[in-house]
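Student: For reference, the chains in residue letters:
Protein chains: 2
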Amino acid sequence: MINIGVDLGGTTIKMALIDDDGKMIDKWAIATNTIDNGKHIAADISASVLKKMKQFNLERSTVRGVGVGAPGFINMDTGFIYQAVNIGWKDYALKDELEKSIGLPVVIDNDANMAALGEMWLGAGLGAKNLICVTLGTGVGGGIICDGEILHGVSGMAGEIGHITVLPSDGAPCNCGKTGCLETVSSATGIRRLALDALDYNDSESILRDIFESKGDITAEDVFNCAAQNDPLSSTVAEKAAFYLGFALGALAVTINPEKIVIGGGVSHAGETLLTPLTKYFKRFSLPRVFDACSIDIAKLGNDAGVIGGAWLSKTKLQQAHTTA
Amino acid sequence: MINIGVDLGGTTIKMALIDDDGKMIDKWAIATNTIDNGKHIAADISASVLKKMKQFNLERSTVRGVGVGAPGFINMDTGFIYQAVNIGWKDYALKDELEKSIGLPVVIDNDANMAALGEMWLGAGLGAKNLICVTLGTGVGGGIICDGEILHGVSGMAGEIGHITVLPSDGAPCNCGKTGCLETVSSATGIRRLALDALDYNDSESILRDIFESKGDITAEDVFNCAAQNDPLSSTVAEKAAFYLGFALGALAVTINPEKIVIGGGVSHAGETLLTPLTKYFKRFSLPRVFDACSIDIAKLGNDAGVIGGAWLSKTKLQQAHTTA
Numbered sequence: 001m002i003n004i005g006v007d008l009g010g011t012t013i014k015m016a017l018i019d020d021d022g023k024m025i026d027k028w029a030i031a032t033n034t035i036d037n038g039k040h041i042a043a044d045i046s047a048s049v050l051k052k053m054k055q056f057n058l059e060r061s062t063v064r065g066v067g068v069g070a071p072g073f074i075n076m077d078t079g080f081i082y083q084a085v086n087i088g089w090k091d092y093a094l095k096d097e098l099e100k101s102i103g104l105p106v107v108i109d110n111d112a113n114m115a116a117l118g119e120m121w122l123g124a125g126l127g128a129k130n131l132i133c134v135t136l137g138t139g140v141g142g143g144i145i146c147d148g149e150i151l152h153g154v155s156g157m158a159g160e161i162g163h164i165t166v167l168p169s170d171g172a173p174c175n176c177g178k179t180g181c182l183e184t185v186s187s188a189t190g191i192r193r194l195a196l197d198a199l200d201y202n203d204s205e206s207i208l209r210d211i212f213e214s215k216g217d218i219t220a221e222d223v224f225n226c227a228a229q230n231d232p233l234s235s236t237v238a239e240k241a242a243f244y245l246g247f248a249l250g251a252l253a254v255t256i257n258p259e260k261i262v263i264g265g266g267v268s269h270a271g272e273t274l275l276t277p278l279t280k281y282f283k284r285f286s287l288p289r290v291f292d293a294c295s296i297d298i299a300k301l302g303n304d305a306g307v308i309g310g311a312w313l314s315k316t317k318l319q320q321a322h323t324t325a
Numbered sequence: 001m002i003n004i005g006v007d008l009g010g011t012t013i014k015m016a017l018i019d020d021d022g023k024m025i026d027k028w029a030i031a032t033n034t035i036d037n038g039k040h041i042a043a044d045i046s047a048s049v050l051k052k053m054k055q056f057n058l059e060r061s062t063v064r065g066v067g068v069g070a071p072g073f074i075n076m077d078t079g080f081i082y083q084a085v086n087i088g089w090k091d092y093a094l095k096d097e098l099e100k101s102i103g104l105p106v107v108i109d110n111d112a113n114m115a116a117l118g119e120m121w122l123g124a125g126l127g128a129k130n131l132i133c134v135t136l137g138t139g140v141g142g143g144i145i146c147d148g149e150i151l152h153g154v155s156g157m158a159g160e161i162g163h164i165t166v167l168p169s170d171g172a173p174c175n176c177g178k179t180g181c182l183e184t185v186s187s188a189t190g191i192r193r194l195a196l197d198a199l200d201y202n203d204s205e206s207i208l209r210d211i212f213e214s215k216g217d218i219t220a221e222d223v224f225n226c227a228a229q230n231d232p233l234s235s236t237v238a239e240k241a242a243f244y245l246g247f248a249l250g251a252l253a254v255t256i257n258p259e260k261i262v263i264g265g266g267v268s269h270a271g272e273t274l275l276t277p278l279t280k281y282f283k284r285f286s287l288p289r290v291f292d293a294c295s296i297d298i299a300k301l302g303n304d305a306g307v308i309g310g311a312w313l314s315k316t317k318l319q320q321a322h323t324t325a
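Here the protein sequences line up with chains A and B, keeping their order.
Numbered per full-length UniProt numbering, the first sequence finishes at 325, counting up by one with no gaps.
Numbered per full-length UniProt numbering, the second sequence finishes at 325, counting up by one with no gaps.
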């Protein structure tokens, strides 16, 4: 059977046809049409999917359904979006709208959870049934899988790893309204802020300072590149970001006892420059039996993780629906 | 059907007959016989259970099975105990031994998880499918239930809430070998230590100091009793214990998004003197949508939580086995 994975973002909608064995038949993307509070998006997705099915001569009977990762606050059982600010949706019945226009069963989950499902199925989490995925991008996102199932919690808020407090006092303000969240120190934005603070606080020579002076700004990528070249100031910042990430992941690991922790997002491109200090602090803040059972790996699927997770949701959650239909 | 709940401790083994509706028919206890590395325990439990079944004229066909909460490191799937130091077991096939001698199906889980299951079924967690139980006793134990199932993790270590680091630097040593664990500040032992430090550091008048001077020692209970009488030194200590507990529970809650947090163990007898500052800090360290969805309550079942959890395990996990037998 074929599954359709959809990764719905504020600017593009990524889609893919993926069979039950995880083989990607095709992937493509369309722009997200946010006019009229996003009311055309369901029709846009349907038209694009149906056209693609025609192109590949796929009968409806060979397609199991559509798994969608969507942003915002979602009721995962009903596929109802309470609010998705970037899209413009408010109290929008996405699942119902999509099923009506596409004529296939639809299952919806949070976009942050999709990458975790994708990595579990075909990526760095391959085969692990207890898995924590952390996405270090502009913010810090998370998806937690226990016994093969995504944790949603009572109101769909589970896995908000970025808002674990790591600085109980004197932390920087976070977008969520709290202070000292993991996101304020270990996201790309947080690492840039730590580095700007360090440059300001300190006037030692540094290749990071040279970059700052020539470009007028720096990125988390610059910090890790310079740290990889043993720039002391950059290494201190990278170490700090890794310290807080290791602190939060240690707390998560004694709670969840995962087999794998998968680190994705732009910051994960730092590879060993991040993993080496992270592993040191993760060991310090977890228990020996927890540490020994867990490996930390960099995500493998990049931008495809979301559509692959969507296809996995279709494959696993719509199987029964299809069988009994 | 009748379920037998067994709560196996280092000094006593508590047992109960509980029907599928949660009605407790009888409860009793026997001493834990740890001689010969605990090899007589399975036979002791069997003899006691079979005698009780006879006393109540219970046919084997009316008893579903036995749910056991055991200490130590356990393989929950096989009921094999890798090690239980307090009992003397090492590589002991508890489930197999019990099934052989008792002639009924047996299911085994960690004792720390049993209280959580008990409170979920009949106690303060009634009806909640997403639940965190924290036991504040000599140590800090935890049981985490997501979507109605206890989290075990990849090696049975999930829910080790007491070993979440809350003081990343300068924390006191913990029994686990780390420093700054929640257990070092929010267990009865930890609260006593904080209070002794405060008495030492500070020479202000305090009714806690009067108790210390008359008894030669203090307990966590003394600290909360004095805090309830507005003793400033005791209030500061209670506030500190609540701060760290709120900090750890905030991190857990943004991860799990529970409907209820149930606080048990000796320290929970402090009631509102603990809950008031705890709720304040829990709010500070969780997210609004997470805080709003969650209530914090004191455990209701006391020492019965374990046997009730055992009966629940029998009721839910042995149902299928019995049906297909």
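Please keep in mind that the hints were generated in silico from the structure rather than gathered at the bench.
Built from N, CA and C at the ideal position, the CB exists for glycine as well.
Incorrect hints may appear among the rest.
[As the list claims (entries may be wrong)] Ranges between beta-carbon positions, derived for each pair: (1) A:N303 x B:A228: 50 to 60 Å; (2) B:A29 x A:D292: 44 to 54 Å; (3) A:T236 x B:N86: 57 to 67 Å; (4) A:E239 x B:G302: 42 to 52 Å; (5) B:K39 x A:N175: 52 to 62 Å.
[To be verified] Below are the DSBU-like pairs computed for lysine-lysine, each with C-alpha atoms no more than 30 Å apart in a straight line: (6) B:K27 x B:K39; (7) A:K280 x B:K129; (8) B:K129 x A:K317; (9) A:K240 x B:K280; (10) A:K129 x B:K27; (11) A:K178 x B:K240; (12) B:K54 x A:K283; (13) A:K178 x B:K178; (14) B:K27 x A:K240; (15) A:K240 x B:K317; (16) B:K100 x B:K39; (17) B:K317 x A:K283; (18) B:K129 x A:K90; (19) B:K52 x B:K39; (20) B:K300 x A:K283; (21) B:K129 x A:K129; (22) B:K317 x A:K317; (23) A:K215 x A:K283; (24) B:K90 x A:K129; (25) B:K317 x A:K129; (26) A:K280 x B:K52; (27) B:K27 x B:K90; (28) A:K178 x B:K100; (29) B:K100 x B:K54; (30) A:K39 x A:K129; (31) B:K23 x A:K178.
Student: A separate judgement is required for each hint: does it hold in the structure or not?
Tutor: Going down the list of hints, with the structure as the test:
{"no.": "1", "hint": "A:N303 x B:A228: 50 to 60 Å", "result": "holds (57 Å)"}
{"no.": "2", "hint": "B:A29 x A:D292: 44 to 54 Å", "result": "violated (36 Å)"}
{"no.": "3", "hint": "A:T236 x B:N86: 57 to 67 Å", "result": "violated (45 Å)"}
{"no.": "4", "hint": "A:E239 x B:G302: 42 to 52 Å", "result": "holds (47 Å)"}
{"no.": "5", "hint": "B:K39 x A:N175: 52 to 62 Å", "result": "holds (59 Å)"}
{"no.": "6", "hint": "B:K27 x B:K39", "result": "holds (24 Å)"}
{"no.": "7", "hint": "A:K280 x B:K129", "result": "violated (35 Å)"}
{"no.": "8", "hint": "B:K129 x A:K317", "result": "holds (20 Å)"}
{"no.": "9", "hint": "A:K240 x B:K280", "result": "holds (29 Å)"}
{"no.": "10", "hint": "A:K129 x B:K27", "result": "violated (38 Å)"}
{"no.": "11", "hint": "A:K178 x B:K240", "result": "holds (20 Å)"}
{"no.": "12", "hint": "B:K54 x A:K283", "result": "violated (52 Å)"}
{"no.": "13", "hint": "A:K178 x B:K178", "result": "holds (28 Å)"}
{"no.": "14", "hint": "B:K27 x A:K240", "result": "violated (54 Å)"}
{"no.": "15", "hint": "A:K240 x B:K317", "result": "violated (46 Å)"}
{"no.": "16", "hint": "B:K100 x B:K39", "result": "holds (14 Å)"}
{"no.": "17", "hint": "B:K317 x A:K283", "result": "violated (35 Å)"}
{"no.": "18", "hint": "B:K129 x A:K90", "result": "holds (27 Å)"}
{"no.": "19", "hint": "B:K52 x B:K39", "result": "holds (22 Å)"}
{"no.": "20", "hint": "B:K300 x A:K283", "result": "violated (36 Å)"}
{"no.": "21", "hint": "B:K129 x A:K129", "result": "holds (20 Å)"}
{"no.": "22", "hint": "B:K317 x A:K317", "result": "holds (23 Å)"}
{"no.": "23", "hint": "A:K215 x A:K283", "result": "violated (37 Å)"}
{"no.": "24", "hint": "B:K90 x A:K129", "result": "holds (27 Å)"}
{"no.": "25", "hint": "B:K317 x A:K129", "result": "holds (20 Å)"}
{"no.": "26", "hint": "A:K280 x B:K52", "result": "violated (54 Å)"}
{"no.": "27", "hint": "B:K27 x B:K90", "result": "holds (29 Å)"}
{"no.": "28", "hint": "A:K178 x B:K100", "result": "violated (56 Å)"}
{"no.": "29", "hint": "B:K100 x B:K54", "result": "holds (18 Å)"}
{"no.": "30", "hint": "A:K39 x A:K129", "result": "violated (37 Å)"}
{"no.": "31", "hint": "B:K23 x A:K178", "result": "violated (45 Å)"}
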